[in-house]
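Participant: The chain contents come next:
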Amino acid sequence: QQQVKQSPQSLIVQKGGISIINCAYENTAFDYFPWYQQFPGKGPALLIAIRPDVSEKKEGRFTISFNKSAKQFSLHIMDSQPGDSATYFCAATLPYNTDKLIFGTGTRLQVFP
Amino acid sequence: EPEVTQTPSHQVTQMGQEVILRCVPISNHLYFYWYRQILGQKVEFLVSFYNNEISEKSEIFDDQFSVERPDGSNFTLKIRSTKLEDSAMYFCASSDTRQGAKTQYFGPGTRLLVL
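Here the protein sequences line up with chains L and E, keeping their order.
Residue numbers for the first sequence follow the working numbering, beginning at 10 and rising by one.
Residue numbers for the second sequence follow the working numbering, beginning at 349 and rising by one.
Some hints could be false.
What the hints assert, rightly or not - Here chain L is said to cover these stretches of chain E; the calculated rule only asks that three of the stretch's residues, wherever they fall, bring their Cβ under 8 Å from a Cβ of chain L:
hint, region
1, 391-400
2, 407-413
Unchecked claim - Here chain L is said to cover these stretches of chain E; the calculated rule only asks that three of the stretch's residues, wherever they fall, bring their Cβ under 8 Å from a Cβ of chain L:
hint, region
3, 425-434
4, 451-463
To be verified - In silico negatives: residues of chain L with every beta carbon more than 10 Å from chain E:
hint, residue
5, Pro17
6, Gly25
7, Ile27
8, Gly50
9, Ser64
10, Phe75
11, Ser83
12, Gln90
13, Ser94
14, Thr102
15, Thr114
16, Pro122
Simulated from the structure, these hints should not be mistaken for laboratory data.
In this text the structure is predicted, and so the values were computed from the model without any measurement.
Virtual Cβ for every residue (Gly too), placed ideally from N, Cα, C.
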């Protein structure tokens, strides 16, 4: 119930292409869905986040699409660059308690020139 | 830009020994967290801390673990008697959830290796 399922596990994209990472959840009580980017040896860093009352959020080349009825959300990276090569985690939080992050399993993205 | 800092960056210890991992959260933040990431796996919640007490803990956070905010700036995670399976990257995070911000800022992590 408190899991977030993420796919694919790894993704290889050419420079300039679109990277798409998908997540799905079961618990409809989740109220906040952030995406974190992690470079090797570093901590996760917040990339972009969305609440379930919005279907899409865009920040620069990064877009979250949110489908509340399907309980799915996805990250789209437009014009992917080699510097985007990192591991991406989707996550979710509940509106009560402590806002602990429940992470997906991660997607390792490699962007080749 | 303010950031979460953690020390040490690496810690090697013998099984059964006690370790203390230290974190300095962002100064005006009110909520503090520890997460861990076993190599190649997802980040897992351990514990959250607010108003000088644990507000939530996961099943991983058993009696061998404790957290403390000994002063106004540090936040520590203690593992009393380390096990081999405690080897992981430990991340501290902090947030200011006023106005529904919910953004958690992570430190660079401490890589713990238990031999």
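Participant: Could you run down the list of hints and mark each one as holding or not?
Facilitator: Hint-by-hint comparison with the structure:
| no. | hint | verdict |
| --- | --- | --- |
| 1 | 391-400 | holds (count 5) |
| 2 | 407-413 | violated (count 0) |
| 3 | 425-434 | violated (count 0) |
| 4 | 451-463 | holds (count 7) |
| 5 | Pro17 | holds (14 Å) |
| 6 | Gly25 | holds (29 Å) |
| 7 | Ile27 | holds (24 Å) |
| 8 | Gly50 | violated (8 Å) |
| 9 | Ser64 | holds (19 Å) |
| 10 | Phe75 | holds (16 Å) |
| 11 | Ser83 | holds (18 Å) |
| 12 | Gln90 | holds (22 Å) |
| 13 | Ser94 | holds (17 Å) |
| 14 | Thr102 | violated (6 Å) |
| 15 | Thr114 | violated (5 Å) |
| 16 | Pro122 | holds (26 Å) |
Violated hints, listed in ascending order, are 2, 3, 8, 14 and 15; each of the other numbered hints is respected by the structure.
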